[in-house]
Amino acid sequence: MYDFNYHRPKSIDEALSALSSASDGKLMGGGQTLLPTLKQRLASPSDVVDLSAISELSGITEQGGAIVIGAGTCHAEVAGNASVQSKIPALAALAEGIGDPQVRNRGTIGGSIANNDPAADYPAALVGLGATVKTNMREVAADDFFTGMFETALADDEIVTAVSFPVPEKAGYAKFPNPASRYAIVGVMASKGPAGVRVAVTGAGQGGVFRVSAMETALAGHFSAEALTGVSVPADDLNADLHASAEYRAHLVGVMAKRAVDAAG
Amino acid sequence: MPSVSMTVNGKAVTGEVEGRTLLVEFLRQNLNLTGTHVGCDTSQCGACVVHVNGKSIKACTTLAVQAEGAEIITIEGMATNGDLHPIQAAFKEHHGLQCGFCTPGMVMSAADLLQRNSNPSEPEVREWLEGNICRCTGYQNIVKAIQAAAQAMRG
Chain A
53 MYDFNYHRPK SIDEALSALS SASDGKLMGG GQTLLPTLKQ RLASPSDVVD LSAISELSGI
113 TEQGGAIVIG AGTCHAEVAG NASVQSKIPA LAALAEGIGD PQVRNRGTIG GSIANNDPAA
173 DYPAALVGLG ATVKTNMREV AADDFFTGMF ETALADDEIV TAVSFPVPEK AGYAKFPNPA
233 SRYAIVGVMA SKGPAGVRVA VTGAGQGGVF RVSAMETALA GHFSAEALTG VSVPADDLNA
293 DLHASAEYRA HLVGVMAKRA VDAAG
Chain B
73 MPSVSMTVNG KAVTGEVEGR TLLVEFLRQN LNLTGTHVGC DTSQCGACVV HVNGKSIKAC
133 TTLAVQAEGA EIITIEGMAT NGDLHPIQAA FKEHHGLQCG FCTPGMVMSA ADLLQRNSNP
193 SEPEVREWLE GNICRCTGYQ NIVKAIQAAA QAMRG
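First to last, the sequence lines map onto chains A and B.
With our numbering as the guide, the letters of the first sequence map in order to residues 53 to 317.
With our numbering as the guide, the letters of the second sequence map in order to residues 73 to 227.
The following block holds chain A by itself, in its conformation from the complex (with noise of 0.2 Å):
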């Protein structure tokens, strides 16, 4: 890893300051990414700006018909919260099966979503619910805001603030792991609620999370897993590794995806 010029800003107003003054800044969440991405040097920036000491951040609350998560707030919080075990406890499910418990210990939602990993379980959440991102800017609808491999609707001076989830009906997560990594070789959300009927699937696309339109309209009909039988999604634009063939994996949308509804019950 290279060195770099560490700064812990206590405010957003400092945090965007110390990025502003920095030649290459890049910011830090829980760095459990950005990290291993240094230690590699994949990354060099001057300077890293940590937003783990910012407090209007970090927490959980009920606003209205949503739960409002904080960008600094860690997976293990996101998992153990009361009120996100009651009223989505999918998005519980999700956050306690994301990598392992020291990661979910530290690594937040907000690192998550800024960082777009293909295979990250939060962008399916943010889009399988219709979740809107709160930024020191601006509201953006989750739609909007995954806007390619690792690439994000995020302007170079902008930070997540929260996360809000409308609580929906009814909503399911069913993931395929990778069994070393534990990031998502497909995973799908599930949900119908205010923000309608949704299907996200991570992990799978080329372009990171993505909607399966015909799966949502098979379930608008009728809410249930045998409602997919014969939807399929193509296999052209996904993902082939040494883990998974695109043809896998297009297949395994279909499994997760019905696994998934049954999960929401």
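Hints in this document: simulated from the structure, not taken from any laboratory.
All C-beta atoms, glycine included, are put in the ideal place defined by N, C-alpha and C.
Take the hints with a grain of salt, since some may be wrong.
Stated by the list, open to error - Chain B stretches covered by chain A per the calculated footprint, using a threshold of three residues with CB under 8 Å from any CB of chain A:
1) 85-92
2) 104-118
3) 127-134
4) 137-146
5) 190-203
Fit chain B to the given chain A structure using the hints.
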């Protein structure tokens, strides 16, 4: 060069580090606390697990400067007055180690589990150990040791 201060095993410590210095490097090289191991250095194997403010984390994927002001417990902080911690004693009793390289991380990870769940089932122990890799034991005696420690600690 940044200065960092934290409490390690109940003792206040201060040191000069680089921004990039990992917590595990600070513990091993600055403080000579070499019980915390570096196995994979890619946050997968868990040999470097320590507690930061009561939660288990991977010290190879945490910067020393991120631990500013924190309470750290390492494997060296587990025994009391020369008496092994019940988890350490159970690993010894149940042969929960062979080469011993992964053991500090296993013990620290298990300690975090048992403070959350005083009576974990075998699947719960195995699930919790997702982030700790052992290449000798096949895990059987590690799981047995952690369940025995849980029983001993419940009294």
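(request) Give me the numbers of the hints this structure contradicts, sorted from smallest to largest. (result) none
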